[in-house]
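Engineer: Using the sequences plus the hints, can you model the full thing?
Residue numbers (UniProt numbering), protein chains in the order written: chain A, 1 to 513; chain B, 1 to 118; chain C, 1 to 325; chain D, 1 to 108.
Honestly, the hints are just simulated from the structure, not real lab data.
In this text the structure is predicted, and so the values were computed from the model without any measurement.
Ideal placement from N, C-alpha and C gives every residue a C-beta, glycine not left out.
Misleading hints may appear alongside valid ones.
[Stated by the list, open to error] Below, in silico cross-link-like pairs of lysine-lysine (BS3-like), each with a Cα-Cα straight-line distance of 30 Å or less: (1) C:K194 to D:K65; (2) D:K86 to D:K104; (3) C:K173 to A:K98; (4) A:K440 to A:K372; (5) A:K440 to A:K452; (6) C:K78 to B:K114; (7) C:K194 to D:K104; (8) D:K104 to C:K78; (9) C:K173 to C:K194; (10) D:K86 to C:K24; (11) C:K78 to C:K24; (12) A:K98 to A:K452; (13) A:K98 to A:K372; (14) A:K440 to A:K365; (15) C:K24 to C:K80; (16) A:K98 to A:K365; (17) C:K131 to D:K86; (18) D:K86 to D:K103; (19) B:K114 to C:K80; (20) A:K452 to A:K372; (21) A:K452 to A:K365; (22) B:K114 to C:K24; (23) B:K114 to A:K365.
[Unchecked claim] Stretch-level coverage of chain C by chain A, calculated; a stretch enters the list once three of its residues show a Cβ under 8 Å from a Cβ in chain A: (24) 28 to 41; (25) 207 to 219.
Read off the chains here:
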Amino acid sequence: MFEQHFPVLPIVLPLIAAPLCMLLGRSQLAWLLATIVSGISFCIAVSLLMVTLDQGVLSYALGGWEPPWGIEMRLDVANALILSVVTGISTLVLVYAKDSIATEIPQSQHTLFYTAHLLCLTGLSGILTTGDAFNLFVFLEISSLATYTLVSLASDRRALTAAFRYLVMGTIGATFILIGVGMMYMKTGTLNMLDLAARIGEFEYNRTLNTGLAFILVGVSIKLALFPLHMWLPPAYTHAPSAVSAFLASTATKVAVYVMIRFIFTIYGAEYVFYSMGMDVILLVLAIVAIFNCSFVATVQSNVKTMLAYSSVAQIGYMILGISLVTTAGLMAGLLHIFNHALMKGALFMAVGAVFMRTGSADIKAFRGLGKTMPWTMAAFTIAGLSIIGVPLTAGFVSKWYLVTAALEQQHWMIAFLVLIGSLLAIVYIGRILEAAYFKDPVQSASDKTIKEAPLMMLVPMWILAVANIYFGIDTSLSVTAADAAANWLFEPSAQAVFQSASQSASELGAAR
Amino acid sequence: MSFIVDYYNYWIVVFLMMAGFYIVISANNLVKKIVGLNIFQTSVFMMYISIGKVQGGSAPIVADGITSYSNPLPHVLILTAIVVGVATTAVGLALVVRIKRAYGTVEENEFEDKDALI
Amino acid sequence: MVELIDLVLLGMLAITALRVIFLKDLFAVVMLFGLYSFLSALIFVNLDAVDVAFTEAAVGAGISTVLMLGTLALTGRKEKANNHTALLPLLVVIITGAALIYGTLDMPPFGHPDNPAHQHVAPRYIEESPKEIGLPNMVTSVLASYRAFDTLGETAVVFAAAIGVLSLLGMPKPGGVAIDSGLKSHLVLRVVAKLVIPMTILFALYVQFHGDYGPGGGFQAGVIAAAAVILYALVFGLPLATHVVRPNFLKVLAALGVLIYAGTGVTSFFLGGNFLDYNVLASDPVVGQHIGIIVIEFGIGITVFAAMLGIFYGFAAQAERTNIQ
Amino acid sequence: MILEVISTILLILGAFFSLTGAIGLFRFPDFFTRVHAASVTDSIATILIITGLILRTDFDLVAVKLLFILIFLLLTSPTASHALAKSARHGGLLTLAEIRESKKGDND
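Structural biologist: What follows is the structure in structure tokens.
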């Protein structure tokens, strides 16, 4: 009986579970509730993905008010795909978190951790599903506030300053988005994304709308850590608790990338953004600089978490690169990389978290000799690391392959070449760790404590992601089909119109039911 | 002349926004940064409310003998945004208090000297 | 006339903002911010946004300023002089400002009734909401019904902030050692506070339940009620206040408010409507809308009350701790 | 008509007192005199302005609300001034006369 409510459930379920978690008080119960709710959301998200692949767009009018007067939830292939990733990673991270936070966060804060995690999940799901520009801002702020809390839960005092910097940058970003949405509203009188798209389409070139778009893009770029605006990300990911780093690195920035895609393709339309305003060149340059600059910085980091954080910024460069190619193939490669990168970074951060738990450090020196003492963890790390590099038979290879193909399709030999060079840099920074783990002897620790393998509850989610990296590297049917359908849908305004009528009939069907 | 009458409100609001924005990015003291953030946001709220104003209109509460109302939608949006703003301020200030306790200072350059972030 | 008042107020705001930039005394900066908030509330009244003005006055000039002062008490009131030149920030600001001015050039003229914003979505709210929802205050109708999901998000944001402050600062222990924290020697203050606090709480209740007809609603009411208890804590000391309103009770209350709101939405599921569809709550849609709005406003009210008071408790607990040390 | 004239006079008077208070706040030499200037004029201005406004209503609910505001302000505003002055005193701030006294003491 709840099927017609599925589009709103991934938001509402965690939102209800969050206060319940706090009321439960016992961290064990809170953990159980959070994990179950997150798991249910994942199942719903996957079923939504299947439905959208099958019949296009799902629209859900909140409060029964038809858009644009009410707020609408819109699910299409693109956001259903990312929603599945977000809820899936959230579930795995929660399983992982139980043991991981035991050493990193004081016992009394555990329920707060689960509550904040669920609120963050609510926010991210809301950003993905909503079809209303202002509603997006509200959910952005829910997820951001929860994130600041999560980052600051770590016991290291640098986590506090990292969280503060994140808060200031994040709020500036959100305010910029607010300014942009205001300018759009001023010219069109509506906040619903489809309605906005239709009304913006009437303008050929408008200074207010251009400024609005610029502010939104800058605001979103802060949130997704595009190159010159990424300075909040490395400290936040370095000093946050490991479970939080794993969750944020594989979801939060991806969601922001999706927001950018949504504003560019759904609301303004690729034509307006790229041909009238020439945004593609700016994005292309920033993406390439991000890939190189941050990959280089990553190669010289001694803290592995910092290194992975810089690598994340570089990988975001690949996603933006895909978008800035302004072709369906490029966009599809970008979306595919969102999906695949979530799998790799999740596994990598989980592995580092396990190492941190056992050795008490995330420094590269701590990794020496771990190939022998923590074989399972390091094997998962290796698989995910190979995936980041883009070795064939891993998920990373698939997305880079499509990216290079998309670039070559446009005769951009240089870009394709640069992507390959970027992968070489990834070999350097991942290789340093693998070298330390497998070919160096462990440092003799003074305490003479033997390092044990990570507990099972942490290994299982890590390995699920590692196996997923291989699975989606070999059997690409699901990820590629979904990304392809999503890219096609986003890119063709006519296709959106067709889906719109389809969704209307679908919603009528739902009403009839 | 009508050009100025049409836009003076937005221009002054832009000036206010930028004053707030300047405080955020230039201040070294964290409390002042938060104050700047609030000024920035409040000014953005003013922009929204200016959008909603209708000349000769009255507050959007139904009353006898009034035919023209200002636009209620921006008001609703800003009500929400104000709440979001105070929520952010509260968390930000809580972080400032904790930073003071951990580092003994709330001046950005001083605690960055004590602990390089990366 | 409206324009003139607007212009004068904006001028005062500009002066305030400029002073804030150059002042080094943080206490003065925070007071000027309170002033800024209050002036902007006046502008909101002038531009017909009474609900927004009410909220801004209660939140910006009230809660935010109190929190900032509480922080200053813990961090010191002098900003240290910094030598680094502020050229880069200035450049960023000038570029951003220039972009915004460029954006204003195609804006619809200020206050013109034919602006797109007044032509497309809003007319329905103005014309139909008194019939569809049955409330004279359109802002409440839009807030609590047409865009109820935004408001649910807003409640969640407040809840998230409470969680954040709770995890960062913790809560005072109820009935802790009664050190001399209140203003015990101020006899006049205590007498007047005893008079004023009940009035404030009464006013909060009025705002809560009158929000359908005039400016006000759950959010403003929650803030005002919290302000009453904050006044109590300031005058009579934190230990006594935590004895009256226990921190653990606040945690339950904050969670409960969100649950009431979301629960209303879920109830609509079972009655056959979409999430937050109040029409199905009663046989008559208008009555259903009314029930729904009252219930969710109540949810907002208690979450906001509990969250704001909880946040204040967090700061006050830190201050007590510093005093003891 | 007569009411309107009276109301206008009251409002102008109220505004005038407010203004004098503000000038006093700037011109007076020390903290206590400034608080004095602000609080005394504040009270009289409140009474005048709100009475002026009440005269302009139809003596309905709005008048009652205004009356409540008046009572509230008359209660809180002097208390706030009192608390301010008292805490200044508590913090060791001296009045001008006392400073003169102590200076005289130093000279002797």
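Engineer: Are the hints correct? Go through all of them and say.
Structural biologist: For each hint, the structure was consulted:
1. C:K194 to D:K65: Holds - the C-alpha atoms of K65 (chain D) and K194 (chain C) are around 21 Å apart, at most 30 Å.
2. D:K86 to D:K104: Judged against 30 Å, a Cα distance of about 25 Å means the pair holds.
3. C:K173 to A:K98: Given pair K173 (chain C), K98 (chain A) holds - Cα atoms ~28 Å apart, limit 30 Å.
4. A:K440 to A:K372: holds, 10 Å
5. A:K440 to A:K452: The hint holds at about 18 Å.
6. C:K78 to B:K114: Distance of about 20 Å is within 30 Å: holds.
7. C:K194 to D:K104: Between K194 (chain C) and K104 (chain D) the Cα gap is close to 43 Å, so the pair fails against 30 Å, i.e. violated.
8. D:K104 to C:K78: Roughly 33 Å separates the two Cα atoms, so the pair is violated.
9. C:K173 to C:K194: Given that 30 Å is the threshold and the Cα spacing comes to 24 Å, the pair holds.
10. D:K86 to C:K24: With Cα atoms ~26 Å apart, K86 (chain D) and K24 (chain C) stay inside 30 Å; holds.
11. C:K78 to C:K24: holds, 6 Å
12. A:K98 to A:K452: Cα-Cα ~18 Å, so holds.
13. A:K98 to A:K372: At roughly 25 Å apart (the allowed maximum being 30 Å), K372 (chain A) and K98 (chain A) satisfy the hint.
14. A:K440 to A:K365: holds, 10 Å
15. C:K24 to C:K80: Roughly 7 Å between the alpha carbons, so the hint for K24 (chain C) and K80 (chain C) holds.
16. A:K98 to A:K365: holds, 26 Å
17. C:K131 to D:K86: Not satisfied, since the Cα-Cα distance of roughly 55 Å exceeds 30 Å.
18. D:K86 to D:K103: Holds - the C-alpha atoms of K103 (chain D) and K86 (chain D) are around 23 Å apart, at most 30 Å.
19. B:K114 to C:K80: Measuring from Cα to Cα gives roughly 16 Å; hence the hint holds.
20. A:K452 to A:K372: holds, 10 Å
21. A:K452 to A:K365: holds, 17 Å
22. B:K114 to C:K24: Cα-Cα ~23 Å, so holds.
23. B:K114 to A:K365: Holds. K114 (chain B) to K365 (chain A) sits at ~23 Å (cutoff 30 Å).
24. 28 to 41: violated (count 0)
25. 207 to 219: As far as the segment 207 to 219 of chain C goes, the hint is violated, because 0 residues have Cβ atoms under 8 Å from chain A.
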